[in-house]
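Novice: Start from the sequences and build out the full structure, keeping to the hints where you can.
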Amino acid sequence: MSYSLSFKSVFLQSGATIAGKKEFEGPLGEYFDYHYSDSYHKQKSFEDAEVLMLKEAIQLAINKARIDRTKIKVAIGGDLSNQLAVSSSAIEHFDLAYCGVYGACSSFILALIQACLICSNNHNSYTLAFTSSSYATSERQFRFPIEYGIQKKDTVTTTVTGAASAVLGKRATKIKVTRATIGKVYDANWDNVNDVGSPMALAAYHTIKDHLDNNNLSASYYDLILTGDLSNIGSKILLDCFKTDGIILDNYNDAGNLIYHKGDNDIHAGGSGPACIGLVSMSYILNLIEKKELKRVLLVGTGALYSPTMCFQHHTIPIVAHAIELEVNEK
0 MSYSLSFKSV FLQSGATIAG KKEFEGPLGE YFDYHYSDSY HKQKSFEDAE
50 VLMLKEAIQL AINKARIDRT KIKVAIGGDL SNQLAVSSSA IEHFDLAYCG
100 VYGACSSFIL ALIQACLICS NNHNSYTLAF TSSSYATSER QFRFPIEYGI
150 QKKDTVTTTV TGAASAVLGK RATKIKVTRA TIGKVYDANW DNVNDVGSPM
200 ALAAYHTIKD HLDNNNLSAS YYDLILTGDL SNIGSKILLD CFKTDGIILD
250 NYNDAGNLIY HKGDNDIHAG GSGPACIGLV SMSYILNLIE KKELKRVLLV
300 GTGALYSPTM CFQHHTIPIV AHAIELEVNE K
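Going by numbering that gives the first Met the number 0, the sequence shown opens with residue 0, and the numbers climb by one from there.
Mixed in with the good hints there might be a few duds.
The calculated lysine to aspartate or glutamate pairs, modelled on EDC-like cross-linking and capped at a C-alpha distance of 16 Å, are [unchecked claim]:
#1 K173 - E326
#2 K235 - D194
#3 K173 - E292
#4 K175 - E289
#5 K291 - E329
#6 K290 - E326
#7 K208 - D244
#8 K290 - E329
#9 K175 - D37
#10 K20 - D37
#11 K72 - E91
#12 K183 - D209
#13 K294 - D222
#14 K169 - E326
#15 K41 - E24
#16 K72 - D94
#17 K290 - D244
#18 K63 - D32
#19 K291 - E326
#20 K173 - E329
#21 K291 - D222
#22 K330 - E289
For the record, the hints were derived by calculation from the structure and aren't laboratory data.
Model, not experiment: these values are computed from the prediction.
Specialist: The following block contains the structure:
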């Protein structure tokens, strides 16, 4: 069963985003703080470029928060690299206690939840949440190196290249973080690594439903329910799941459907990766909340927790989804 919780006076102090070239060229490019013009950014490897991107996103979030850096006590984050190597390599440059988290593409939401939990119980310090992903590094870890030139299936999602970071604290700002739901792991009896949006829709459905039920809310309570990585195929399945309950989610969208131009064949089924919901939520969505065009938003990160090795051994793919609520601070 999913677990829902509330936070005590936790506010979003800042959000920072750094995007890749293709992401910047998408429909949300103007909202990102900064972007890279190529996949290497003058580094020797794709991994080194991702580390640099994440370091810069973390520093930018700290700068935008306009607080004494020593007041940030804990950093929580994760990425898609083996053993969270990118996150560890980036955060070692900051004098912060660090907790690495892995939720696959749901890692940023998971990091936000844990950062809020720590902040909720500490009046005098701030916390940092972050994530990153890179198309090039993820492809050779989970599928094939891009140099291999394999033809992709239409159901494959494109890992977003980017980094996102946020500072949380007790100091009142325009945006408060009110509630969250930690999802459980499901088995959708699915082993197709070329389509992870479809099974993740099941996890998103259960987490959203549990979040609403546990807090005695209706879906219409939110101006927007935004999933992270279902993209074109998984989004349709999620909507169908709610239709069976007699619920029409006309306030729903998916970050993977927003970040790239529709009809772009190069991105196949849409965007994915922990940076997908990270980039969209910490730029475009924050902008809409700050302008009060959106007053309540439920962010739902979804993750396919598979190991390529275990998939080769014909194991099914574990899936999970976590949710967190952002709201306009009216006071």
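Novice: Checking against the hints above, which ones are violated?
Specialist: 9, 15, 17
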